[in-house]
Amino acid sequence: MARRRAAPYLRLMSGTTERVGGSGDRDLVTSLRAGDEQTFATLVDEWSGWMLRLAQEHVPTRGAAEDVVQETWLAVIKGLDGFRGDAALRTWVYRIVLNQAKRRGVRDRRTVPFASLAPDDSGPTVDPARFQGPEGEYPGHWQEVPEAWPEQVALSREVHDVVAEALATLPARQRVVVTLRDVEGHTADEVRALLGITSGNQRVLLHRGRAVVRAHLERYFAASAAQGVS
Amino acid sequence: MDCNELVELVTAYLDGSLHADRRSAFVEHLDECPGCERYLEQFRLTIALLGEMPDETLAAPARQRLLDEFTDRSRRTDPEAP
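So the protein lines, in turn, are chains A and B.
Using this note's numbering, count along the first sequence one by one with no gaps and you end on 308.
Using this note's numbering, count along the second sequence one by one with no gaps and you end on 101.
Hint data in this document are derived by calculation from the structure and do not stem from the laboratory.
The beta carbon of each residue, even a glycine, is placed where N, CA and C say it ideally should be.
Any given hint could be a false lead.
Unchecked claim - Restraint ranges, calculated between C-beta atoms of paired labels, are given here:
#	chain 1	residue 1	chain 2	residue 2	range
1	B	GLU51	A	VAL184	51 to 61 Å
2	B	ASP40	A	ASP123	41 to 51 Å
3	A	PRO228	B	ASP40	49 to 59 Å
4	B	GLY35	A	LYS156	15 to 25 Å
5	A	PRO212	B	GLU27	17 to 27 Å
6	A	GLU243	B	LEU49	51 to 61 Å
7	B	ALA39	A	PRO206	41 to 51 Å
8	A	PRO212	B	ASP40	20 to 30 Å
9	A	GLU115	B	ARG41	36 to 46 Å
10	A	ASP239	B	ARG63	13 to 23 Å
Please model the complete structure; the sequences and the hints are all you need to start from.
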């Protein structure tokens with residue numbers, strides 16, 4: 079039950095400072111205090127990803143997570159001169175994200191416990207109406223074979239938006255797992271350790287999330303095919 | 020194995036975490052079921068498309084606002100700044 083996820087996150091984040099500053103936190107903080115815009119921009123680009131994921135564990139929507147990350151960066155800008163440097167810069171930022179996200183999560187009356195599965199993590203992932211009932215010729219088999227998708231599917235602007243929208247509709251835990259596994263390419267073991275969940279639960283969350291994204295794509299391709307015909 | 024059962028096992032199949040007997044039942048079903056073959060293919064394509072999504076980051080306007088805020092701060096705290 080204890081929230082001890084700081085360490086794995088920090089591990090995933092490691093290496094960032096080296097790429098940014100060339101030699102560790104002190105230089106980084108010095109550059110930031112000196113108003114080096116390039117350093118700040120690079121930090122925002124490299125760190126906002128894990129900050130968003132961390133925030134999403136505690137708030138219900140992607141929009142709320144973005145707010146948390148923005149508020150955090152603003153707090154960093156304000157607090158730079160007061161930053162004592164006795165913690166690593168990213169540890170300090172991590173704590174700010176966590177505090178802001180928890181406060182926001184409580185306000186929105188939504189926390190996202192990872193350890194166990196939620197009601198939206200059970201039940202069929204494909205509409206049961208797609209399969210023949212007990213009275214059918216082949217109960218449990220497809221009523222109709224799923225429609226073929228276009229021969230060549232690439233991540234066009236439109237397909238990107240469909241996938242992004244699908245991800246946004248996922249329950250937070252499914253979204254975090256799908257993002258870590260499929261978007262960012264972490265292994266099942268990494269994700270399991272990172273979130274402190276069993277491999278079974280990791281798989282359930284991943285499978286459900288993927289099935290929802292597939293269903294969104296299916297609807298999109300069906301709609302574009304119908305438009306193409308008319 | 021029926022189709023409505025197979026569709027729930029796709030991620031386990033792809034992860035290689037199905038037990039041997041379940042796995043053979045899965046593959047056997049797949050061999051003779053065009054519907055499930057297509058479902059699996061589309062599931063794989065979905066995963067591939069997810070993999071092409073850019074890493075999460077802040078939306079451009081939000082990012083710009085932060086950079087502006089940072090610049091303002093530097094101007095305020097550094098009287099030498101232009």
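Hints versus structure:
no.	hint	result
1	B/GLU51 with A/VAL184: 51 to 61 Å	holds, 53 Å
2	B/ASP40 with A/ASP123: 41 to 51 Å	holds, 48 Å
3	A/PRO228 with B/ASP40: 49 to 59 Å	violated, 36 Å
4	B/GLY35 with A/LYS156: 15 to 25 Å	violated, 49 Å
5	A/PRO212 with B/GLU27: 17 to 27 Å	holds, 18 Å
6	A/GLU243 with B/LEU49: 51 to 61 Å	violated, 30 Å
7	B/ALA39 with A/PRO206: 41 to 51 Å	violated, 29 Å
8	A/PRO212 with B/ASP40: 20 to 30 Å	holds, 25 Å
9	A/GLU115 with B/ARG41: 36 to 46 Å	violated, 56 Å
10	A/ASP239 with B/ARG63: 13 to 23 Å	holds, 21 Å
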